[in-house]
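Going down the list, the protein sequences come from chains C and W. For what it's worth, my numbering labels the leading residue of the first sequence as 1, then goes sequentially. For what it's worth, my numbering labels the leading residue of the second sequence as 1001, then goes sequentially.
Here are the simulated EDC-like cross-link-like pairs (lysine to aspartate or glutamate), alpha carbons at most 20 Å apart as the crow flies:
1. W/K1145 <-> W/D1133
2. C/K211 <-> W/E1063
3. W/K1391 <-> W/D1350
4. C/K211 <-> W/D1067
5. C/K210 <-> W/D1076
6. C/K210 <-> W/E1062
7. C/K211 <-> W/E1062
8. C/K211 <-> W/E1059
9. C/K370 <-> W/E1063
10. W/K1248 <-> W/E1226
11. C/K401 <-> W/E1062
12. W/K1051 <-> C/D404
13. C/K211 <-> W/E1081
Everything labelled a hint here was simulated from the structure, so no lab data went into it. It should be emphasised that the depicted structure is a prediction, and the values quoted were computed from it without experimental measurement.
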Amino acid sequence: MHYTLAMISPITARRARVSLFLCLTIALVLYNSSLFAAEHSTEFSDRRPIRIGASLSLTGIYNEPANMIKRGYELWVQETNRKGGLLGRPLELQIKDDRSTIEEAQRIYRYFIEEQQVDLLLAPYGTPITLAVSEITETAGYVLVSAGASGTQIWNREFKYIFGVYSTADRYFISFLDLIGRNGMDEVSIIHENNPFNIDAAMGAAEWAKKMGIRIKQRIEFSPGKNSPKEILQQAELSDNTALIFCTYPQEGYPFLRALQGQPQQPGAVGMTIAPVHPLFAKRLQGAAEGVFGPSQWEPEERIPYPGTREFISAFRRFAHVPPSYHAGSAFAAGQVLARSIEATASLDNTVLRDAIFTMDTVTIIGRFKVDNSGRQIGHNPILIQWQGGKKAIVYPSQLKTADPQFNNRAR
Amino acid sequence: MQLRNLISKSIFMYILIPVAGAAIVSALLFNLLLTPVFIDYFTRMSTEDLKLATAIGLERCEENFLDLLSLRLSDDQMMMETMYQESLRGITQIHEQMASVHMLAVSSSGRVDASTFPDFPTGSEFLLPDVPDDVVREIKIDRQKILYNSAYFPFWRVHIVAVVPLKFISAPVQLMQQGLLLALVAISFILLLTLLITLNYAVKRPLNRVITATREISRGAFPHIESVRKDEIGKVISAINVMSHQLKENHAALERSIAEKNVLLQEIHHRVKNNLNVVVSLLHLQSDQVENHQQAKEVLNSSCDRIYSMALVHEKLYQSESFSHIDLEAYIQSIADQLFSIYRQNKTIDKIIRGRHIFIDLSVAMPCGLILNELITNSLLHAFPNQNSGKIEIIVEEQAEGNLVLTYSDNGIGIKHEPDFSTPQKTLGLSLIHILGQQLDAKVELNTHHGYWLRLSIPRQGTGRQ
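Isolated chain C, as found in the complex:
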């Protein structure tokens, strides 16, 4: 049935108009109420902490660098909150121990993404774990600024949400090779673990040695625990005109250096990944640490002229009661990158943050940050340290060096 106003009586029409007016008034009141409620609800949610999740190898084979990363993350959160947080919200960091296993790390990141629905994620330590968890974070659309991995495979997959802070592993030994080449050594032997990071480092060293006219005398790959370092070293042909590169994680690296100390013939120079950058390296190895070179993404050297470096070093000493390693510095720098992208976009949307990081060219406490279109770090170059007289000295690049490099074949 169809009605028209002409068909309705005046009283009925007036009632109808009143009813309509009341309805509209109620509707308006209700609409305003709902708007208020919504506004109130938004204001309430802005004061909530920004929740950040991370998995780190607090135990297991990667515990040493991972614990440094943990303290770097924690210090970044503390310093950011002290300054008022991000977008006016405090940061809330949850770190879980993956025990240096891929599976546990994957489980933890799934937990943060699916159950906790955290706002942001921070990266784990190590190339293998980073490779694995980045599959999950990429799928979920979470930005991952890697502060503890430099394996090139990570950025060979054309992922869009993972970014490197470090120079990639294949470039770790460029400076070492440059120095031995300058010092007249024309051969190098490489001993490396058969895992992605160390393979990358070893292959990169071999490639750069070739570019610099340095002959690869031997490349020995080993599986941890299969052969003893002494047995492996016996295969190596050492001479004072040959440099030796160890590409290992610290747990394998220390035994190698101890075993090398007992060898009758010593190489002209020894370079090693990761372990030499730790502040307690010399204490753990005693005399075997002397003269060892190590590529480092950064060093807690107050003369390094990057903004905030000196403040970070002193803050870290107060916070952790040890000097920071480059892992700690990188962790803090990863936080700086994330924070700058949030401040620049005023957003917590990971896609927005990703786009901002891709175009970012900035300087963190460890140096320049600039990535290519795969997220690989290209603005940062590693430095080279050497243990001299029980102390860590920067020997490369020349502009940052605190001491001249020393070699076994002759002192420079």
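Using the hints provided, position chain W relative to the given structure of chain C.
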């Protein structure tokens, strides 16, 4: 003079000698000791420069290499070449900042890719010496010695070579040596000049004053030289002053004595002359008393004439200043005048007396006067018996060897028998001439054929002249 001496002495003693000594010692030390030290110093400086230059070269290569790494362009050949060229520019620019250091970038094949060393320009070949990197060595290359250092940058396989030609090291030392030598010459010149000035003021001028003073002393002046010096020259001046003073006193005493003796001598001559004149007067009185004895009268008159001649000598002597020498010409003139006034007898007889001013002493003057007295008297009395006029000529000459020649002549009648002076003479006059000639050790020449002519040559020692 005192102040000038003090100043010159002070400058000489306390400034110039120490300065000159220091300069000479410095020059010797510089050559013997400091030259090797300076060479060593400049070599060490150059060694440091070379090490620094290669280190800077490495840094510049490294910077460009790291830029390539940062941009992930290490595989881009064009960028690699661009950055390599940038590195070469960086290497050669080191020479602009360290002018003494020449830079070369030498590829492993030995080709010079960049150079500031004119001997090895870009594109030339450079044979790398067998010297370890970063060890500075002195090597000889292309006939010149250089300090050499090298470094190797592996990525570009380039040897960074820094060289300093040794001539650049020795050049500053040579410059210093030349400067020192110049300073030494200048100081020596100033020292010599000052020495001469000082000698002039301190030695030559005082000595000149001494010489002038001695000359003045020799001329009879007795100066006093003002001086306050205590040195040797001061002592000489003092001695001369003493001598001058003493001589002055002695001279004054002598002059007084001479004056006294002169007065005495003058008085003696005057008295002798007066006495002789008295004798002449007495003889004239006696002659006047001899009335009938002509010969006696003549004898007395002749004696008067002779004694007068002798008195005339004394008269001339006391009238002279010296009392020992008389002017011979004036003496002869006086004798002749006296004799002519007595014996001319209204005849016109000319007398010609010629002779320079010749001064002779008493011992010569007296015999000469007596001889002329005899000759003139004889001529006036006997040479012109029948003549109213005549001529008597007396010429006195002094020969070159100092001999005195007295020539007497008249144009009278002469004598028939020329006397021989080698034998004793009959007349008193000739006897006197003979005796007086012998006394004078004179040579007597006589010619009486045409008038009377006599030459008396008196040797120098007989003339009494000096």
